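Novice: Chain by chain, the residues run as shown.
Protein chains: 2
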Amino acid sequence: MEKFKNLGIVGIGLIGGSIAADVKKKGIAGYVTGFSRRLSTLKKAKDKGLIDEYFTDFTAGVKELDFLVICTPVGIVEEYMRKIRAYNSRLLFTDTASVKGEIVRRALEIFGEKGNFVGSHPIAGSEKNGIDAAQENLFKGKEVIITPLPFSSSESVEKVKSFWRALGSKMIIMDAEEHDRIMALTSHFPHLLVYAFLSLFGQESGKETGRFTGSGFTDTTRIGKSNGKLWSEILLSNRENLFVLLSRFRNCLDEFEGILKGYDKKKLIVKLENCRKIKGKIDDQKGNI
Amino acid sequence: MEKFKNLGIVGIGLIGGSIAADVKKKGIAGYVTGFSRRLSTLKKAKDKGLIDEYFTDFTAGVKELDFLVICTPVGIVEEYMRKIRAYNSRLLFTDTASVKGEIVRRALEIFGEKGNFVGSHPIAGSEKNGIDAAQENLFKGKEVIITPLPFSSSESVEKVKSFWRALGSKMIIMDAEEHDRIMALTSHFPHLLVYAFLSLFGQESGKETGRFTGSGFTDTTRIGKSNGKLWSEILLSNRENLFVLLSRFRNCLDEFEGILKGYDKKKLIVKLENCRKIKGKIDDQKGNI
Chain C
1 MEKFKNLGIV GIGLIGGSIA ADVKKKGIAG YVTGFSRRLS TLKKAKDKGL
51 IDEYFTDFTA GVKELDFLVI CTPVGIVEEY MRKIRAYNSR LLFTDTASVK
101 GEIVRRALEI FGEKGNFVGS HPIAGSEKNG IDAAQENLFK GKEVIITPLP
151 FSSSESVEKV KSFWRALGSK MIIMDAEEHD RIMALTSHFP HLLVYAFLSL
201 FGQESGKETG RFTGSGFTDT TRIGKSNGKL WSEILLSNRE NLFVLLSRFR
251 NCLDEFEGIL KGYDKKKLIV KLENCRKIKG KIDDQKGNI
Chain U
1001 MEKFKNLGIV GIGLIGGSIA ADVKKKGIAG YVTGFSRRLS TLKKAKDKGL
1051 IDEYFTDFTA GVKELDFLVI CTPVGIVEEY MRKIRAYNSR LLFTDTASVK
1101 GEIVRRALEI FGEKGNFVGS HPIAGSEKNG IDAAQENLFK GKEVIITPLP
1151 FSSSESVEKV KSFWRALGSK MIIMDAEEHD RIMALTSHFP HLLVYAFLSL
1201 FGQESGKETG RFTGSGFTDT TRIGKSNGKL WSEILLSNRE NLFVLLSRFR
1251 NCLDEFEGIL KGYDKKKLIV KLENCRKIKG KIDDQKGNI
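Protein chains in written order, with the numbering used here: chain C, 1 to 289; chain U, 1001 to 1289.
Note that these hints are calculated values from the structure, not bench results. These numbers were taken from a predicted model, which means no experiment stands behind them. Every residue, glycine too, gets a C-beta built ideally from N, C-alpha and C. Don't take each hint at face value.
[Claimed, not checked] For each label pair, taking beta carbons as the anchor points, the in silico distance ranges come out as:
no.: 1; chain 1: U; residue 1: D1132; chain 2: C; residue 2: V270; range: 24 to 32 Å
no.: 2; chain 1: U; residue 1: S1154; chain 2: C; residue 2: R250; range: 31 to 39 Å
no.: 3; chain 1: U; residue 1: Q1203; chain 2: C; residue 2: R85; range: 36 to 44 Å
no.: 4; chain 1: U; residue 1: G1287; chain 2: C; residue 2: E2; range: 28 to 36 Å
no.: 5; chain 1: C; residue 1: R90; chain 2: U; residue 2: Y1263; range: 30 to 38 Å
no.: 6; chain 1: C; residue 1: N137; chain 2: U; residue 2: E1208; range: 37 to 45 Å
no.: 7; chain 1: U; residue 1: E1053; chain 2: C; residue 2: S247; range: 37 to 45 Å
no.: 8; chain 1: C; residue 1: R38; chain 2: U; residue 2: K1261; range: 52 to 60 Å
[Said to hold, decoys possible] Every beta carbon over 10 Å from chain U, so not counted as near; a handful from chain C, in silico:
no.: 9; residue: K3
no.: 10; residue: Y87
no.: 11; residue: S89
no.: 12; residue: G125
no.: 13; residue: R211
no.: 14; residue: G214
no.: 15; residue: K229
no.: 16; residue: R239
no.: 17; residue: E255
no.: 18; residue: E257
no.: 19; residue: D284
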């Protein structure tokens, strides 16, 4: 099952830590090297047995690797790419960021045709973050979208796929731009909506209003607990797609408002039942109960 | 613990069925009479031991009652009020609808100063409905907002409160208009948003897009599975408050769009972290983990 001699992971949080846990347990690599800016995180990862060795200085450890997974927020992936270019330019590496267009553009700028980067996005997030949220089997049965560069060799793509396959994921190859359009709809726009709604709630609520929320509210707004710094980078990186959806969403709101203003109960029932069917279809595709 | 001789329940679905289950188990009434338009529901309720007797004809059974809980959708509460006025006009009764202003206005029209109605709204819903979703202890620890009429006697209010207390609920007395403003924010507007978003999703998604949704999406849109007929009545009944929130929500969206257009990362982080705090405060008030 050993696929790599020395597998590096940058960023040992929910995603990086969960990858490390599986890599160690399944013996996917002979040796696992952890990178982070925070020594405390690295020490904790070592204590938990998630990594064999660690570096706060990326350039010091990157030369020894034969595979690397960058699990940092989207905004700093570029910085690591520049260091890879300088210190181990043929290294095969992937990332786990939720936005892919910008990352693929940066990779092309930095590496030209010579890069050995194949992007990945495992759809296995949580509103939690940090190494304490890391868990085994986080990626089991989950979709991973793979976004190769135009110049990625099929061998490199196959290696990245086999890495995720070893974690139990289902892989699909996709164009980075298409990935970003889809994720805007399935993840980034819902986050924006929930944030905007919580912002409204903050304005409109009284001291005790939170008492009168039910389980529906709790679930609907759960993603509003997501890390603000991480999500500001995601929303900014995919903002062009968000602008398109924002404009179309305003039309959807206008349509509902029109139906309510016209007191058109029949039409409203048809609309709501249609929404229910859309939700049912999504849950079926997802395998949710 | 017996508070009533013959307690009637109209509508034996999630709410009515769960009330019946607790009333029988806790011996809150000597006899429980079920009313529904559907004979099959009543038979099932009887078979499950939730009720002692049943009627599809409300007027035939209402005369024998000393307390009644109307658990129908908001749109038909008025119809039962007219029958109570005609057949047992001094009967103490309550309801469980999610909108209260319209119901209190109807009660005043129908009964004038003589009605013995005290509205209730237990905040204990679910996207599920029907008798098969009924469960014991659904109301335990849940908030119930009580909206008396201006002419309700303190004895009647106390009886309704003691009914909910026996089910383990926490009660708060509130003006019907205030109730509706609060519920617009905590429940009705989030439903409208999720419906509008699912409507957008239906327009924008491809055949397979549902595969690329994560657990955040699943939870955020869970309330989109709610019954369309029931929710069309709720949204219509509270539409004036929804219009106010819609207008202010558009401003919130505009603000986020402006920040994204200006690529103001610092401001965005502050906004998102503020939303996260709002969510945290709500969860604290609610006693959620």
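Novice: Now tell me if each hint is right for this structure.
Specialist: Hint check results:
no.: 1; hint: U:D1132 x C:V270: 24 to 32 Å; result: holds, 25 Å
no.: 2; hint: U:S1154 x C:R250: 31 to 39 Å; result: violated, 48 Å
no.: 3; hint: U:Q1203 x C:R85: 36 to 44 Å; result: holds, 42 Å
no.: 4; hint: U:G1287 x C:E2: 28 to 36 Å; result: violated, 48 Å
no.: 5; hint: C:R90 x U:Y1263: 30 to 38 Å; result: holds, 34 Å
no.: 6; hint: C:N137 x U:E1208: 37 to 45 Å; result: violated, 24 Å
no.: 7; hint: U:E1053 x C:S247: 37 to 45 Å; result: violated, 57 Å
no.: 8; hint: C:R38 x U:K1261: 52 to 60 Å; result: violated, 33 Å
no.: 9; hint: K3; result: holds, 26 Å
no.: 10; hint: Y87; result: holds, 28 Å
no.: 11; hint: S89; result: holds, 30 Å
no.: 12; hint: G125; result: violated, 6 Å
no.: 13; hint: R211; result: violated, 5 Å
no.: 14; hint: G214; result: violated, 5 Å
no.: 15; hint: K229; result: violated, 5 Å
no.: 16; hint: R239; result: violated, 5 Å
no.: 17; hint: E255; result: violated, 7 Å
no.: 18; hint: E257; result: violated, 6 Å
no.: 19; hint: D284; result: violated, 7 Å
Hints 2, 4, 6, 7, 8, 12, 13, 14, 15, 16, 17, 18 and 19, counting from the list given before, are not met by this structure.
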